[in-house]
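Number of protein chains: 2
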Amino acid sequence: MAVTLRDVAEKAGVSVRTVSNVVNGFQHIAPATRARVQAALEELNYRPNLVARSLRQGRTGIIMLVLPEINVSYFGELAHEVVDYATSVGITVQIDESGGDPKREKELLTSLAQASWVDGVLFSSLGLRGVDLAGLAGSRPLVLLGERTARTSLDHVGIDNVEASRQAVAHLVERGRTRIAALGGSGGARDATSKYRWKGFQQGMRAAGLDPDGLYLRTPDYRRGSASAAVKELLQWGERPDALFCFSDELAAGALRELYEQGVRVPDEIAVVGFDDIEASRYSTPALSSIRPDKAGIAKTAVDALLRRLDDPQGETHDYEVPFELIIRESSG
Amino acid sequence: MAVTLRDVAEKAGVSVRTVSNVVNGFQHIAPATRARVQAALEELNYRPNLVARSLRQGRTGIIMLVLPEINVSYFGELAHEVVDYATSVGITVQIDESGGDPKREKELLTSLAQASWVDGVLFSSLGLRGVDLAGLAGSRPLVLLGERTARTSLDHVGIDNVEASRQAVAHLVERGRTRIAALGGSGGARDATSKYRWKGFQQGMRAAGLDPDGLYLRTPDYRRGSASAAVKELLQWGERPDALFCFSDELAAGALRELYEQGVRVPDEIAVVGFDDIEASRYSTPALSSIRPDKAGIAKTAVDALLRRLDDPQGETHDYEVPFELIIRESSG
DNA sequence: GCCTGACTTTGCAACGATGCAACCCGCAGG
DNA sequence: CCTGCGGGTTGCATCGTTGCAAAGTCAGGC
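So the protein lines, in turn, are chains W and V.
Residue 1 is where the first sequence starts when you use UniProt numbering, and the numbers rise one by one after that.
Residue 1 is where the second sequence starts when you use UniProt numbering, and the numbers rise one by one after that.
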């Protein structure tokens with residue numbers, strides 16, 4: 001079995017408590033004692049039992065990150081930043097996937113927020129409204145990532161989706177495009193991501209004097225395949241927008257692929273702009289213009305917010321807005 | 001504070017132990033008692049304290065997955081499969097990143113294998129040899145993912161990299177290519193991935209009567225940017241292979257991008273085959289041929305192996321070989 | 001009416017660590 | 001010589017749960 005404090009104490013001829021003091025760097029210890037204990041610690045290769053420590057202290061140092069799917073590039077990159085930053089402040093990250101399914105999201109929340117050893121939860125929800133969440137949130141701190149859903153009493157970190165989308169459209173307009181289509185999600189209340197991006201799209205169109213209720217290609221999810229299908233259908237109908245604003249880079253990738261297959265030149269005939277700026281987009285052909293959220297900023301802000309709430313569960317909640325940037329590449333150059 | 005067994009016991013007028021029995025579905029409990037306890041449980045909304053339970057039982061139900069970087073698509077997809085399968089068998093997954101840095105890998109192993117609450121570790125190493133690992137592996141079960149490194153006494157799950165690479169080359173040869181270049185990694189002992197893939201490449205070349213020590217473009221990592229740079233340099237030198245076998249799909253994506261920029265047509269002038277078959281490759285232009293490892297199979301096999309070892313720490317170790325498939329798409333069609 | 005055995009329920013100890021408060025000690029000050 | 005003080009060390013209780021073994025209850029068999 002594992003080496004415990006008691007084993008070390010026996011070997012060093014001191015009490016368990018003293019060994020614990022040495023391990024935790026307590027001040028008032030006689031140098032001789034400390035040395036003896038240190039020696040015993042090393043000889044037995046003692047490692048503290050973190051479970052026991054957690055039980056006593058009531059904290060585990062583990063936070064949970066709930067994402068729709070870790071294999072989606074944007075979430076993978078976000079998870080990377082979270083793990084990276086959390087590790088740097090001594091926190092371990094558990095990952096769970098909701099699949100974007102509201103039922104599973106609720107399940108996860110009820111079990112996590114109350115039952116688990118998790119100190120707090122970072123939750124990137126697709127389907128749940130803030131109100132749902134507020135009710136479910138248990139005793140444990142919860143920070144929402146992504147779109148700001150309905151007014152809630154929860155901490156939230158994200159970018160200004162409406163403004164980002166507006167800027168994307170403005171950019172396309174500035175490049176002389178007028179028949180601009182939006183692509184992705186449902187735009188409905190259940191899908192906050194597309195709801196806000198669609199809203200920003202409309203603002204941009206209106207500002208340019210274009211029809212704000214123009215073409216909107218809806219998709220059941222944000223994956224490449226859905227965009228391919230949607231674009232294929234669009235072209236079959238003979239519709240020819242001169243620009244496409246896709247609500248995720250993966251959607252844009254699917255769109256680019258389909259346009260390529262149909263022999264439509266990008267950006268000459270149709271310009272394309274994505275959202276998320278995943279790594280792959282820099283290398284697609286043509287390279288994809290996109291909205292780049294400050295992922296590292298989101299991760300740091302979110303983890304910090306969670307830690308702050310751990311120390312002060314009652315404090316006022318905040319809405320943290322993180323910067324973004326419109327990156328212009330070939331696909332809309 | 002949280003509701004404990006004692007709170008419930010008091011409310012229901014039974015002993016703590018009885019409540020525990022009810023919670024754990026123990027058989028012999030009087031229906032009346034069970035009902036009373038159930039009612040109290042629900043009224044107080046009791047949730048077991050998993051930390052305490054773990055302390056008592058010596059198991060946490062958490063496994064750690066160590067990857068170089070979660071934002072690399074292949075690892076993201078693998079992580080997805082692991083989380084998915086682990087969840088289905090009631091296991092939670094923690095993720096940590098090594099950055100592929102041998103020093104950090106060692107650090108993680110020493111701390112994880114001994115100190116943590118983790119029941120076991122799935123380790124996808126880039127830089128460490130099996131021998132290093134064997135020495136470091138602490139008291140906790142450890143299963144290696146990816147390339148089989150030096151002969152070890154550890155469980156290992158992966159595909160036959162040599163054979164996969166051989167088949168990729170054979171495919172290119174069959175399509176009439178003769179000046180085939182390999183791209184990725186160093187081929188050295190420190191980089192098992194490229195070592196085996198390069199070996200398979202050579203076997204394939206030899207079998208076709210081609211120079212087995214032909215062109216090998218080395219890269220410091222497996223990311224898109226490195227391949228772009230390598231291909232750029234290659235073309236500057238005036239070398240013109242007629243096929244490129246890239247040791248990862250991300251490398252292939254970078255290569256495709258650079259070939260596009262330089263106006264080299266794929267597959268007409270140069271055919272390209274990748275390795276990993278990440279989601280994005282189906283949608284690249286042109287769509288990328290690739291070796292598809294059975295990722296779900298790897299995940300399931302690895303988790304199962306870990307669980308088996310938990311029950312029988314002394315059992316014989318295995319080398320699990322998981323199937324793969326060569327997917328042929330436009331880039332080498 | 002007593003014994004056996006199955007069914008219920010329980011108290012105690014333990015998992016390994018840390019908070020608390022007390023203890024012992026030597027020394028300076030009165 | 002006694003008191004007070006602060007450094008060094010300790011025992012005990014505790015975190016919330018479950019394993020163990022025994023105690024209590026009750027019905028059925030002899």
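A hint or two may mislead.
For identical chains, the list gives no copy identity; a pair is met inside one copy or between any two copies.
Below, simulated DSSO-like cross-link-like pairs (lysine-lysine); rule was C-alpha separation at most 30 Å, straight line [to be verified]:
| id | residue 1 | residue 2 |
| --- | --- | --- |
| 1 | K106 | K232 |
| 2 | K11 | K195 |
| 3 | K11 | K106 |
| 4 | K199 | K300 |
| 5 | K195 | K106 |
| 6 | K232 | K300 |
| 7 | K199 | K11 |
| 8 | K300 | K11 |
| 9 | K232 | K195 |
| 10 | K103 | K195 |
| 11 | K106 | K199 |
| 12 | K11 | K232 |
| 13 | K199 | K232 |
| 14 | K199 | K103 |
By construction, these hints were calculated from the structure, which means they are not laboratory data.
Now for the hints, and whether the structure bears them out:
no., hint, verdict
1, K106 <-> K232, "neither (35 Å within a copy, 50 Å between copies)"
2, K11 <-> K195, "neither (65 Å within a copy, 48 Å between copies)"
3, K11 <-> K106, "between (50 Å within a copy, 29 Å between copies)"
4, K199 <-> K300, "within (28 Å within a copy, 43 Å between copies)"
5, K195 <-> K106, "within (21 Å within a copy, 46 Å between copies)"
6, K232 <-> K300, "neither (40 Å within a copy, 36 Å between copies)"
7, K199 <-> K11, "neither (69 Å within a copy, 52 Å between copies)"
8, K300 <-> K11, "neither (44 Å within a copy, 43 Å between copies)"
9, K232 <-> K195, "within (23 Å within a copy, 42 Å between copies)"
10, K103 <-> K195, "within (20 Å within a copy, 46 Å between copies)"
11, K106 <-> K199, "within (27 Å within a copy, 49 Å between copies)"
12, K11 <-> K232, "neither (74 Å within a copy, 64 Å between copies)"
13, K199 <-> K232, "within (25 Å within a copy, 42 Å between copies)"
14, K199 <-> K103, "within (26 Å within a copy, 48 Å between copies)"
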